[in-house]
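S.K.: Protein chains in written order, with my numbering: chain V, 213 to 584; chain L, -1 to 499; chain Z, -3 to 402.
Since the hints were made in silico from the structure, they are not lab data.
Wrong hints could be hidden among the right ones.
[Said to hold, decoys possible] Under the rule of at most 25 angstroms between Cα atoms (straight-line distance), these lysine-lysine pairs were calculated in the PhoX-like manner:
1) Lys338/Z with Lys352/V
2) Lys223/L with Lys258/L
3) Lys252/V with Lys131/Z
4) Lys466/V with Lys338/Z
5) Lys253/V with Lys352/V
6) Lys444/L with Lys416/L
7) Lys362/L with Lys258/L
8) Lys131/Z with Lys253/V
9) Lys362/L with Lys448/L
10) Lys416/L with Lys448/L
11) Lys372/L with Lys570/V
12) Lys223/L with Lys197/L
13) Lys467/V with Lys352/V
14) Lys373/L with Lys444/L
15) Lys197/L with Lys221/L
16) Lys467/V with Lys362/L
17) Lys258/L with Lys19/L
18) Lys335/Z with Lys352/V
19) Lys118/L with Lys197/L
20) Lys260/V with Lys335/Z
21) Lys69/L with Lys221/L
22) Lys352/V with Lys131/Z
[What the hints assert, rightly or not] DEER-style ranges, computed between Cβ atoms:
23) Gly107/L with Leu353/Z: 54 to 64 angstroms
24) Asp387/L with Arg214/Z: 56 to 66 angstroms
25) Tyr196/Z with Gly502/V: 29 to 39 angstroms
26) Gly364/Z with Val250/V: 54 to 64 angstroms
27) Gly107/L with Val250/V: 42 to 52 angstroms
28) Ser323/L with Arg568/V: 45 to 55 angstroms
29) Arg568/V with Gly316/L: 45 to 55 angstroms
30) Leu353/Z with Ser361/L: 25 to 35 angstroms
31) Ala231/V with Thr264/L: 32 to 42 angstroms
Glycine included, each C-beta is placed from N, C-alpha and C at the ideal position.
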Amino acid sequence: MSNVLTRKLSPSKIGLAIAAPLAAAIFSIAISSVAVIVSKKSPLEAFKTMWEYGTEVGSLMEIVNTATPYYIAAIAIAVTFRAGLFNIGVEGQLRLGALFSCYIGAMFVLPPVLHVAAVFIVAMTFGGLWAAIAAYLKVKRGVNEVISTIMLNSLAGGLSAYLLSKHFALIEEGSNNLQTKQLPASAQIPDLMPLLRKIGVEDQPGGGVYGMFFVAVALGFIFWFVVNRTRFGFELRASGLNPIAARVSGVNSKKMTFIALVISGAIAGLSGLPEVLGQTHSYNLGFRAGIGFSAIAVALLGRNSAGGMAVSALLFGFLEVSSRSLELIDIAPETYVIMQGSILLSSVVAYEVVRRFKLTLQSNELAKVVQG
Amino acid sequence: MSVAVELRHITKRFPGVVANKDVSLKVETGTVHALVGENGAGKSTVMKILYGMQRPDSGEILVNGQAVNFKTPNDAIDAGIGMVHQHFMLADNFTVLENIILGSEPQHGGTIDFASARKKVVEMAQQYGLDIDPDVLVEELGVGQRQRVEILKVLFRGARILIFDEPTAVLVPQEVDDLFQALEGLRAQGMALIFISHKLDEVLRVADEVTVVRQGSTVAEVKSKDVTARQLAELMVGSELPKPSTLGHTRREEITLSLKDVSVPTTTGSRDLLANISFDLHAGEVIGIAGVEGNGQAELVEAIMGLRDYTGSIQFNGSGIDDLSVADRHDLGIGLIPEDRQRQALMMNSPLWENRILGHQRSKPVMRGFVIDKKATVDSTRTIMEEFDVRAPGPDTLAAALSGGNQQKFIVGREMSKAPALLVASHPTRGVDVGAQGAIWDVLRKAREKGMAIVLISADLEELIGMSDRLLVMLRGSITAELDPAKTTPEQLGSAMTGAA
Amino acid sequence: MKLLRYATMLVFVLASIRIITGASDLTSTGTASAALLLSVPIVLAALGGLFSERAGVVNIGLEGMMIMGAWAGGYIGSQHGPWAGLLAAVIFGSLGALVHAIATVTFGVDHVVSGVAINIIAAGLVRYLSTLLYKGGSWPGPSQSPGIETIPLNGLPVLSGGHYFGWKSPDLLGSVANLNWFFISDFASILRGLTGDVSYVTIVAISFVPLAYFILWRTAFGLRLRSAGEAPTAAESLGVNVYAMKYAGVLISGGLAGLGGGFLAIVAASNYQENQVAGRGYIGLAALLFGNYRPGGLLAGAGLFGFADALQLRDSAAIHALLLFIVAILLFVAFRKFKSGKQLSAVLSLASAGFTLWFFFAVDELPGQLVTMTPYIATILVMALASQRLRMPAADGLPYRRGGLR
């Protein structure tokens, strides 16, 4: 019978679901192997080294830490992708969110949970405000949000450099690094070692898993629930799937565009916090750059779904962390960039191919049903 | 007279459907040959094959007695076949001249020779009585003029066999006369003309011979003087045609919808899009809005639904709704069957149950508070599918997989499920097979009996006359006539639509 | 001609500001020269965007293609000379475009998604390749190439001191510029900057603009390419190979963008450096939008951005002086809005002018980090003002399948 059309799970349905990621994986392994061969090394040895290093406990914890900000930022991007918009400005939004939350968060002391919540609110506010600029331009002046958010990224970089050096930083004796005042203990999120020790995990030299991991997981659930199960989420998706039909059905498209972009900016503001709250406890020149762009890849690879993005975030984290070991066998660690790039490209193409194939399959099945 | 083009035993399959099965056709030079059939019968596919946009799975095509094999439209063009499309294939932002020469540009040392092209086009236009200014942007042209550009396009390439796909669908009767005159001219020059239409009286007026297509096969080939329109219709359907009709008076006292001086000003400076529209619609009454496309009907629908700003006042069940948003009007009980189901009413790549929510995302049973009640939604979808005979395996089916008729039945069912007091139905049976058409008319009839007020906009004159209690004619944004459908013939209605009456 | 009128007004305003603020760099030869130089990559990127979008394919990936061009220019240029480097830049840019074309035209991937993916991949790829070369010992740093030989410069004869066949001609414009006469000298110095000490590559690149107009509006190829972006189904029904046209548009755009990147490495600088492109691909797109998808317009837009870029590089005092320019524009806008009855907008513009004037007096010197932001702010402003009246190709960004299927 027509399992493509009706039943939820069946061999062919699962097969189709795996087809794209599998094809993408194979393609990118092939490309990455070529890259390794070009540096005159053995691909097998490279993958083996990465796997061994990557599955050590310390590495696993680092992978989770790397993936956490990617995941949060990817959720921010996915909110807009689902609505048919493109918020490429996550990089700038998270930077400003981190900067302001560190600066303002260090100005006062509150009881621990409240203080962390305050820091969150500040980060979300500034991220949201920065995105609101692009949202306003789009809604009022029809400015393409791809270009405006990218420009705002550069502006955020300049603005944060200026604010840090001229206003926000504490001058340290004998140090070249500018940084904001340290966040008091009440604003720091403890890592998860106490929990992990209980299940027998040993302490590692690199530190533990950031506490914001739980926040990320919670955000994932909230994202999934809101997008798939609420009216707002439905209208968001409808705006992305068929903006004209959405408008006819009563969705105020300008309002939706604005809200989606601002919410996205607010979530993005949070994604700069895991490292800041869990490790460095201040914003400085060494603030990690590029989270926003990797997050775009994570969102695309994860097809803007909570589960998919979680897997992609972990995958990207794995590639990034484990590829450090390549240096030991004299391969450039930057090879992970090739792996990430080829996965992104091939998955984006594969998803589209599978989608078209599925549609053809459906039409055939349906015809059989109707005629038979 | 010789056979200009012949199709023998053409068969074409698409994934899931046999579009053409053993279709044969013979057209002689200097004649007009009509191809008729209902929507979905396979006429367009046959013509696409003849024109080279599709390749047949089996069968032969002969042009002037020689077998040909078209791989692309270029091959068909080279063989002297030209297609004048139903939905004009013109680039709005190009001039008339650019549109005509695209793909066959006369060259002069590497660049386009605009001068000689212009000369040739102007000559041709005069020769066939198809006056047009070659340097005007197409987006500034009216419908009749655009059709002339389409015709010039094929003549420019030396076509001797012309295919006209539903050419009168969007024309005013005066423009239809102009077109038929041009056809006469072409026929006199020895061209072979193929005329696809479902407007049977026009077919009989202009064609010499008629081929009837039904469910993918040719069922008859007759001389137009030997048949009546009714006979052709029955050949097309193979059985008695359903008649749209409403019986008895079901009009009630209450006024459901009231428009007073509703106007939509123009943005471009010519005439207003809607000018002082006023009418009252009672519960249990169907008001039919007739008019050539582009005379304000779409704007009227948008004004009632809140999709467009307007001046004047609209009242629903006695209270003004001018300040209410689109969503609020849906919630109040105004339902809409939009003109273009794929663009305006469906998310094609989503399952039917998600489409059930569209337009109803603030009401039960679909919603429980602000959360989607999936089980209730799926159940409701299943109910709709059963009640309205939507042929698909289940609520999980993607909307894109359904046929046009089933999609429309689903949409009608969806709107009916919240029992709106007012239904705005814009071309509700356009592009829908005859079976679904009859089913939708039944639904509307029953709803009317139960007290629903219906605004019916349609280009199908029989549908308008048959289903309406009152008829309003719209021309250039205003209401120019009110007719009693019981006393109006389609010809009279057609004249009124152009302001002749 | 309208163009001449606007240009004259512009020079007049700039000259006035120069006199008032003493920021001599606003109209100096050096600035004009730098403006021309910096506008070239933007022009090339914008032309790239023109070909692609006119064929109906949105190309956000111009940035990535420029990056690839810059890298290739640096790598090949340092090994085999600047001309080979430029050629390599074109090829590498086209390779990136090929990926975009395959993804969008053949596989129907969303154009923006593909473009963004290409930007991410390109940035990563060149970083990887640079590291390889650095580790291999041939590059001085993991993110910069060895130096590249310069391509010689020249100028107009008689007017701008060009040298031909060993003869150095007089420099009339330069002499007039040094006289410091209001407006006349400003005009002369700007002209001198635009016509003297100009790289041959610059001349070629600027000449691409009228060439693009000619190709797109006067040849059969151009007509067909534009039809792929305006009405692909109509084009297909007339036998135009729409797929081929789209591929052509995208590949040409990649080649142009790549050339722009190569220009940055070889002519504007003398080696490849990471982050050299710095968003110019996007600025090029903005110039295209500013020009409403026409060659003349995009040239004006690129000139504007080039000017902003030049000022911020050379003299932040000039940027400070530019604030007065913004005041002038806002006053003009307020005047126009008032005339057309839009009272509120007029008041807002007036208020903004007032604020900007206050800011000008209140702040003596703009901080360095903010000055470098000038091109990006300019881009946003331009897009905010110009986006409303855009007339983009009707089928731009829409997926296309033969036979009109989805």
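S.K.: Run every hint past the structure and note whether it holds.
M.R.: Status of each hint after checking the structure:
1. Lys338/Z with Lys352/V: Holds, at about 16 angstroms.
2. Lys223/L with Lys258/L: Since the Cα atoms of Lys223/L and Lys258/L sit roughly 49 angstroms apart, the hinted pair is violated (cutoff 25 angstroms).
3. Lys252/V with Lys131/Z: holds, 13 angstroms
4. Lys466/V with Lys338/Z: The given pair, whose Cα atoms are some 22 angstroms apart, holds under the 25 angstroms limit.
5. Lys253/V with Lys352/V: violated, 55 angstroms
6. Lys444/L with Lys416/L: holds, 15 angstroms
7. Lys362/L with Lys258/L: Given pair Lys362/L, Lys258/L is violated - Cα atoms ~32 angstroms apart, limit 25 angstroms.
8. Lys131/Z with Lys253/V: holds, 14 angstroms
9. Lys362/L with Lys448/L: With a Cα-Cα distance of about 21 angstroms, the restraint between Lys362/L and Lys448/L holds, given a limit of 25 angstroms.
10. Lys416/L with Lys448/L: Within the cut-off at roughly 14 angstroms; holds.
11. Lys372/L with Lys570/V: holds, 24 angstroms
12. Lys223/L with Lys197/L: The hint holds at about 16 angstroms.
13. Lys467/V with Lys352/V: Holds, because 11 angstroms separates the two Cα atoms, which is no more than 25 angstroms.
14. Lys373/L with Lys444/L: violated, 29 angstroms
15. Lys197/L with Lys221/L: This hinted pair holds, its Cα atoms lying about 16 angstroms apart.
16. Lys467/V with Lys362/L: The hint holds at about 24 angstroms.
17. Lys258/L with Lys19/L: Roughly 54 angstroms separates the two Cα atoms, so the pair is violated.
18. Lys335/Z with Lys352/V: Holds. Lys335/Z to Lys352/V sits at ~22 angstroms (cutoff 25 angstroms).
19. Lys118/L with Lys197/L: violated, 34 angstroms
20. Lys260/V with Lys335/Z: violated, 73 angstroms
21. Lys69/L with Lys221/L: violated, 32 angstroms
22. Lys352/V with Lys131/Z: violated, 50 angstroms
23. Gly107/L with Leu353/Z: 54 to 64 angstroms: Distance hint for Gly107/L, Leu353/Z holds at roughly 57 angstroms.
24. Asp387/L with Arg214/Z: 56 to 66 angstroms: Taking Cβ atoms as reference, Asp387/L and Arg214/Z lie about 57 angstroms apart, which means the hint holds.
25. Tyr196/Z with Gly502/V: 29 to 39 angstroms: Holds: the Cβ-Cβ distance is about 37 angstroms, inside 29 to 39 angstroms.
26. Gly364/Z with Val250/V: 54 to 64 angstroms: This hint is violated: roughly 41 angstroms between Cβ atoms.
27. Gly107/L with Val250/V: 42 to 52 angstroms: holds, 48 angstroms
28. Ser323/L with Arg568/V: 45 to 55 angstroms: At 37 angstroms between Cβs, range violated.
29. Arg568/V with Gly316/L: 45 to 55 angstroms: holds, 51 angstroms
30. Leu353/Z with Ser361/L: 25 to 35 angstroms: At roughly 55 angstroms between Cβ atoms, Ser361/L and Leu353/Z fall outside 25 to 35 angstroms, so the hint is violated.
31. Ala231/V with Thr264/L: 32 to 42 angstroms: violated, 52 angstroms
Of the numbered hints stated above, those contradicted by the structure are hints 2, 5, 7, 14, 17, 19, 20, 21, 22, 26, 28, 30, 31, listed in ascending order.
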